[in-house]
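Novice: Working from the sequences, and respecting the hints, build out all of it.
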Amino acid sequence: AQSVAQPEDQVNVAEGNPLTVKCTYSVSGNPYLFWYVQYPNRGLQFLLKYITGDNLVKGSYGFEAEFNKSQTSFHLKKPSALVSDSALYFCAVRDDQAGTALIFGKGTTLSVSS
Amino acid sequence: DGGITQSPKYLFRKEGQNVTLSCEQNLNHDAMYWYRQDPGQGLRLIYYSQIVNDFQKGDIAEGYSVSREKKESFPLTVTSAQKNPTAFYLCASSRDSQYEKLFFGSGTQLSVL
Numbered sequence: 001a002q003s004v005a006q007p008e009d010q011v012n013v014a015e016g017n018p019l020t021v022k023c024t025y026s027v028s029g030n031p032y033l034f035w036y037v038q039y040p041n042r043g044l045q046f047l048l049k050y051i052t053g054d055n056l057v058k059g060s061y062g063f064e065a066e067f068n069k070s071q072t073s074f075h076l077k078k079p080s081a082l083v084s085d086s087a088l089y090f091c092a093v094r095d096d097q098a099g100t101a102l103i104f105g106k107g108t109t110l111s112v113s114s
Numbered sequence: 001d002g003g004i005t006q007s008p009k010y011l012f013r014k015e016g017q018n019v020t021l022s023c024e025q026n027l028n029h030d031a032m033y034w035y036r037q038d039p040g041q042g043l044r045l046i047y048y049s050q051i052v053n054d055f056q057k058g059d060i061a062e063g064y065s066v067s068r069e070k071k072e073s074f075p076l077t078v079t080s081a082q083k084n085p086t087a088f089y090l091c092a093s094s095r096d097s098q099y100e101k102l103f104f105g106s107g108t109q110l111s112v113l
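Here the protein sequences come in this chain order: A and B. Everything in the first sequence is counted per this note's numbering, starting at 1 for the first residue and increasing by one. Everything in the second sequence is counted per this note's numbering, starting at 1 for the first residue and increasing by one.
Read the hints as simulated data drawn from the structure, not as lab findings. Possibly wrong hints are sitting among the right ones.
Just some of the chain A residues that point at chain B, by a computed CB distance under 8 Å [stated by the list, open to error]:
| id | residue |
| --- | --- |
| 1 | Y39 |
| 2 | L44 |
| 3 | L56 |
| 4 | K58 |
Derived lysine-lysine pairs resembling DSSO-like cross-links, with alpha carbons at most 27 Å apart [to be verified]:
| id | chain 1 | residue 1 | chain 2 | residue 2 |
| --- | --- | --- | --- | --- |
| 5 | A | K49 | B | K14 |
| 6 | A | K69 | B | K71 |
| 7 | B | K71 | A | K49 |
| 8 | A | K58 | B | K101 |
| 9 | A | K77 | A | K106 |
Everything numeric in this text was worked out from a predicted model, so none of it was measured. The beta-carbon is built from N, C-alpha and C at its ideal position, and this holds for glycine as well.
Specialist: Written out as structure tokens, the structure reads:
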């Protein structure tokens, strides 16, 4: 069965500092990995995805994520955080051999202070 | 503009009542999904449909029902069998491919009176 874990409920970072939001996954086949962001009382917005190829994926708003197959991780990163990055971030995975829908982690709240 | 429309934004349910949440998309997407969001629990899959007139149960389908009679529409009914329906419900759609991203609606907040 496929699953995804976000080990941190909340990440706090000062504006201008680098940020990392962690994600690990478990699948039987090959993973399709996604990051989404949610602002209060809104739907989710797509940030980036990894399907195959280069392990470093670049996405919207200056975010990037690194796929690490040996550690089964897909951490979200940004070199310099903005206050406007404060939101709820979700990692999601789909197993290419399971044929099911996207499974989401519990989410990590990112708080960027000025 | 293309997108996904969920209605109503807020919905209240009385004891023993069935309520239906609407989800419409004009993106010409084949696949549609319903997720439930509870604080601290992330998004949990209720039902999904990859093609008209077909749908599959997700992880928490008990107490819910869906239909997919038209490509554009995927309504969710919360039945009286769902004993803890208070949550934020999100509808999404995607092209029919495992590596396509999901597009989300703005959600419906369901509360029990």
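Novice: Next step is simple, just say for each hint if it's right about the structure.
Specialist: Do the hints match the structure? See the list:
1. Y39: 11 Å, violated
2. L44: Since the shortest Cβ distance to chain B is 5 Å, the answer is holds.
3. L56: 17 Å, violated
4. K58: With a minimum Cβ separation of about 15 Å from chain B (threshold 8 Å), the hint on K58/A is violated.
5. K49/A to K14/B: 41 Å, violated
6. K69/A to K71/B: Measuring from Cα to Cα gives roughly 37 Å; hence the hint is violated.
7. K71/B to K49/A: Status holds; Cα separation ~26 Å.
8. K58/A to K101/B: 15 Å, holds
9. K77/A to K106/A: 18 Å, holds
This entry does not satisfy hints 1, 3, 4, 5 and 6, going by the numbered hints stated previously.
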